[in-house]
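Participant: Letter by letter, the chains look like this.
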Amino acid sequence: AQKVTQAQTEISVVEKEDVTLDCVYETRDTTYYLFWYKQPPSGELVFLIRRNSFDEQNEISGRYSWNFQKSTSSFNFTITASQVVDSAVYFCALSEMGGGKLIFGQGTELSVKP
Amino acid sequence: DTGVSQNPRHKITKRGQNVTFRCDPISEHNRLYWYRQTLGQGPEFLTYFQNEAQLEKSRLLSDRFSAERPKGSFSTLEIQRTEQGDSAMYLCASSLSRGQNEKLFFGSGTQLSVL
Numbered sequence: 802a803q804k805v806t807q808a809q810t811e812i813s814v815v816e817k818e819d820v821t822l823d824c825v826y827e828t829r830d831t832t833y834y835l836f837w838y839k840q841p842p843s844g845e846l847v848f849l850i851r852r853n854s855f856d857e858q859n860e861i862s863g864r865y866s867w868n869f870q871k872s873t874s875s876f877n878f879t880i881t882a883s884q885v886v887d888s889a890v891y892f893c894a895l896s897e898m899g900g901g902k903l904i905f906g907q908g909t910e911l912s913v914k915p
Numbered sequence: 266d267t268g269v270s271q272n273p274r275h276k277i278t279k280r281g282q283n284v285t286f287r288c289d290p291i292s293e294h295n296r297l298y299w300y301r302q303t304l305g306q307g308p309e310f311l312t313y314f315q316n317e318a319q320l321e322k323s324r325l326l327s328d329r330f331s332a333e334r335p336k337g338s339f340s341t342l343e344i345q346r347t348e349q350g351d352s353a354m355y356l357c358a359s360s361l362s363r364g365q366n367e368k369l370f371f372g373s374g375t376q377l378s379v380l
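The listed protein sequences correspond, in order, to chains W and Z.
If you count by the numbering used here, then the first sequence holds residues 802 to 915, one letter each, in order.
If you count by the numbering used here, then the second sequence holds residues 266 to 380, one letter each, in order.
Hints are computed from structural coordinates only; laboratory data are not their basis.
In silico PhoX-like cross-links for lysine-lysine, where the CA-CA straight-line distance does not exceed 20 Å:
1. Z/Lys368 x W/Lys839
2. W/Lys804 x W/Lys839
3. Z/Lys322 x Z/Lys336
4. W/Lys902 x Z/Lys368
5. Z/Lys322 x W/Lys804
Since we're looking at a predicted model, the values are computed, not measured.
Just need the whole structure built from these sequences, with the hints factored in.
Facilitator: This is the structure:
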């Protein structure tokens, strides 16, 4: 069975601190895709990144970076120099074959205080 | 591109009543998904359409739930004889399926409260 675990329910940091959100997944598939979504208070899930199981290269996009390690089944997300606007719930998700049927983790609520 | 639109944003109903939600996807998107999200949890997949065909339904979708997507455009999700356990945020998402390169665009959801 597929499963995504985000052990951190809530994280609170002060602006400009770096913060890492953890994600651990389980799947028996050899081909799968991992995602991160951001859910601000408005409720709309915003796509951040997709990574396929054959590409373990880390990725950086501005203040965001992702570390994918198949050996530990983890896909962690780091925000560098956090800002108040980063406050939201962040979800890690898994899908087979890149389709839209996603299995989400429980989410991590990030609060960035000024 | 006006995004995925869901109506209503909020719905309060009494137990036993029927409710219907509407989702308007991004116009050229051929796939449409429904998810349910309860407080403090991640969204859970309910069902999805490719054009007008409903291709998959989750076991979470009881017989009281029905979804349609006539003509492959907007979609409706109806819940009959609502129960308090149906209280949740119902999210719709759409995508333009291109093999494995599928990216979902989500709406802001319909928050259902069953009293």
